[in-house]
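So the sequence lines, in the order shown, correspond to chains A and B.
When you line the first sequence up against my numbering, it's residues 1 to 337, in that order.
When you line the second sequence up against my numbering, it's residues 1 to 211, in that order.
In case anyone wonders, no lab produced these hints; they're calculated from the structure.
In this text, a Cβ means the ideal position worked out from N, Cα and C, and glycines have one as well.
The reader is advised that the hints may include incorrect statements.
[Said to hold, decoys possible] Pairs of lysine to any residue, SDA-like flavour, derived with a Cα cap of 20 Å:
1. A:K141 with B:I160
2. A:K311 with B:H182
3. B:K174 with A:D303
4. A:K311 with B:V28
[Claimed, not checked] Ranges of calculated distance between the beta carbons of each label pair, as one might list FRET restraints:
5. B:S138 with A:A111: 23 to 33 Å
6. A:L323 with B:G152: 13 to 23 Å
7. A:I82 with B:P186: 52 to 62 Å
8. B:Y144 with A:V24: 42 to 52 Å
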Amino acid sequence: MMAFFDTDIGFVILTLLKSLALIVPLLIGVAYLTYAERKVMGAIQLRKGPNVVGPFGLAQPFADALKMMFKETIIPAGSDRILFMMAPMITFGLAVVAWAVIPVNDHWAIANINVGILYLLAISSLGVYGIIIAGWASNSKYAFLGALRSAAQMVSYEVSMGFVIVTVLICVGSLNLNDIVMAQRHVWFAIPLFPMFVIFFISGLAETNRAPFDLAEGETEIVAGFFVEYSAMSFALFFLGEYANMILISATTTILFLGGWLSPIPLAPFTWVPGVVWFLLKLFACLFTFIWVRATFPRYRYDQLMALGWKVFLPLSLGYLVLVAGVLEVFGWLPNA
Amino acid sequence: MIANIFFDIASAILLASAVMVISSRNPVHSVLFLILAFINAAVLFLMAGAEFLAMVLVIVYVGAVAVLFMFVVMMLDVDFVALREGVQRYAPVGLAVGVVLFGELAFVAVNWTIAPGATLLVLSPTPADVTNTVALGSLLYTKYIFLFQMSGAILLVSMIGAIVLTLRDRNRGKRQDVSAQHARVPADTMRMVNAKLGEGAKLPEPTEEAL
Numbered sequence: 001m002m003a004f005f006d007t008d009i010g011f012v013i014l015t016l017l018k019s020l021a022l023i024v025p026l027l028i029g030v031a032y033l034t035y036a037e038r039k040v041m042g043a044i045q046l047r048k049g050p051n052v053v054g055p056f057g058l059a060q061p062f063a064d065a066l067k068m069m070f071k072e073t074i075i076p077a078g079s080d081r082i083l084f085m086m087a088p089m090i091t092f093g094l095a096v097v098a099w100a101v102i103p104v105n106d107h108w109a110i111a112n113i114n115v116g117i118l119y120l121l122a123i124s125s126l127g128v129y130g131i132i133i134a135g136w137a138s139n140s141k142y143a144f145l146g147a148l149r150s151a152a153q154m155v156s157y158e159v160s161m162g163f164v165i166v167t168v169l170i171c172v173g174s175l176n177l178n179d180i181v182m183a184q185r186h187v188w189f190a191i192p193l194f195p196m197f198v199i200f201f202i203s204g205l206a207e208t209n210r211a212p213f214d215l216a217e218g219e220t221e222i223v224a225g226f227f228v229e230y231s232a233m234s235f236a237l238f239f240l241g242e243y244a245n246m247i248l249i250s251a252t253t254t255i256l257f258l259g260g261w262l263s264p265i266p267l268a269p270f271t272w273v274p275g276v277v278w279f280l281l282k283l284f285a286c287l288f289t290f291i292w293v294r295a296t297f298p299r300y301r302y303d304q305l306m307a308l309g310w311k312v313f314l315p316l317s318l319g320y321l322v323l324v325a326g327v328l329e330v331f332g333w334l335p336n337a
Numbered sequence: 001m002i003a004n005i006f007f008d009i010a011s012a013i014l015l016a017s018a019v020m021v022i023s024s025r026n027p028v029h030s031v032l033f034l035i036l037a038f039i040n041a042a043v044l045f046l047m048a049g050a051e052f053l054a055m056v057l058v059i060v061y062v063g064a065v066a067v068l069f070m071f072v073v074m075m076l077d078v079d080f081v082a083l084r085e086g087v088q089r090y091a092p093v094g095l096a097v098g099v100v101l102f103g104e105l106a107f108v109a110v111n112w113t114i115a116p117g118a119t120l121l122v123l124s125p126t127p128a129d130v131t132n133t134v135a136l137g138s139l140l141y142t143k144y145i146f147l148f149q150m151s152g153a154i155l156l157v158s159m160i161g162a163i164v165l166t167l168r169d170r171n172r173g174k175r176q177d178v179s180a181q182h183a184r185v186p187a188d189t190m191r192m193v194n195a196k197l198g199e200g201a202k203l204p205e206p207t208e209e210a211l
């Protein structure tokens with residue numbers, strides 16, 4: 001059987017099986033993240049949240065999915081049909097494709113590639129296109145405004161995010177995600193690089209267009225932003241893509257700063273727990289914070305959002321990068337030196 | 001075997017989308033085809049084993065440069081009919097430029113000789129434990145450091161140039177001065193008055209600044 005997987009066709013089949021084993025839990029995760037968000041926000045705002053469909057409302061995501069499927073797909077008359085239908089597919093597809101390199105346990109990734117973190121950066125920089133294309137193809141002013149806002153925001157925060165990643169990389173000496181986690185055996189990077197951790201998390205909020213940076217869909221000013229013209233399944237794909245991106249950015253935060261699948265204390269009772277469990281726990285903690293932030297903070301003003309990205313985060317992350325590089329050089333702690 | 005098929009697919013899409021960039025009528029579609037061409041070029045890089053270059057191509061060209069293209073092209077109010085009218089008028093000039101370029105390329109291609117040392121490089125491939133990224137970095141930051149720094153300086157100069165061209169007079173327009181806002185205390189802006197019945201509070205004379 002193992003010999004079969006070494007042949008060309010066997011390798012393709014094995015990769016397909018691996019992808020399926022990742023995508024199915026991911027999609028279920030996305031479905032229940034929407035449920036978790038409504039429940040947690042409900043609890044924070046002293047409401048009950050969804051509690052009618054199924055026990056504790058647990059069947060609510062599936063009810064929503066069915067509703068979306070049976071609704072009519074409306075394509076605006078003046079729109080660019082092909083691009084209009086392509087945009088949500090791009091958004092959702094990219095959100096899923098990025099998961100190919102995420103290791104959920106030691107060497108448990110579909111592709112353990114040498115430039116894993118660059119791959120993640122490349123995929124997340126492609127994410128802008130789903131939004132710009134949606135805004136342009138809709139041929140609607142609100143959608144276009146939303147797309148412009150969102151694109152400018154994503155491009156701006158990507159810069160400081162890149163510097164944060166570089167800071168982590170000079171501490172690791174490798175672009176491989178597996179190596180990045182293993183470099184945190186002794187101490188998680190969240191501790192020595194705490195300011196970077198905070199910047200990365202906030203940039204993550206901006207990158208995924210989440211509150212308090214959800215100006216792209218500011219419903220009080222531009223209705224719903226770039227997906228104002230979308231309905232039924234094409235809307236659902238945008239929605240799923242947004243949540244899949246949230247899980248992705250939480251997974252990236254976990255890998256870069258919270259030690260991935262490593263147990264918090266490298267001692268006996270903690271190391272017995274499988275790495276996947278630790279990974280998921282850290283992931284859930286990040287996701288909970290995403291929802292918590294949304295329920296707590298009011299939306300930013302657009303110029304303040306841009307000022308935060310370019311005038312605060314960029315100089316801060318650039319300065320910290322130079323500082324970390326200097327400290328590593330002076331004390332001779334550079335990896336592979 | 002699979003690698004060959006992927007190479008054929010990627011290069012076919014690359015060439016087709018490169019043709020579409022110049023032949024599609026809608027400029028936004030052109031930019032999108034350009035992006036497709038970039039991505040397929042990145043795939044070809046990947047297949048050649050240059051994974052770092054592939055990722056950087058996507059991050060820099062697709063993620064940054066093409067986004068700017070896209071912005072500009074989308075904002076332009078392009079009159080497609082007028083664009084199509086011009087084609088026949090400018091065709092001879094375009095054709096002439098094309099012929100000259102093609103001639104030069106052909107001249108280069110005919111006189112192309114592979115460097116004599118190149119075959120030796122193939123015989124000594126990169127060691128298995130040195131990744132692409134490490135190899136590039138150790139060359140770029142040692143042997144070519146001056147060229148590398150020079151290109152950085154050129155980019156810096158062009159950036160400053162762009163800023164100088166677009167910087168407008170500081171005192172015109174509405175600007176927010178955050179530190180001035182933070183420095184305000186209630187005493188500067190607020191006056192507590194015990195207004196008597198029938199008299200009300202007297203407003204202070206408006207200052208020059210407020211006008």
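If you test the structure against every hint from before, which numbers come out violated? Per hint list: 1, 4 violated.
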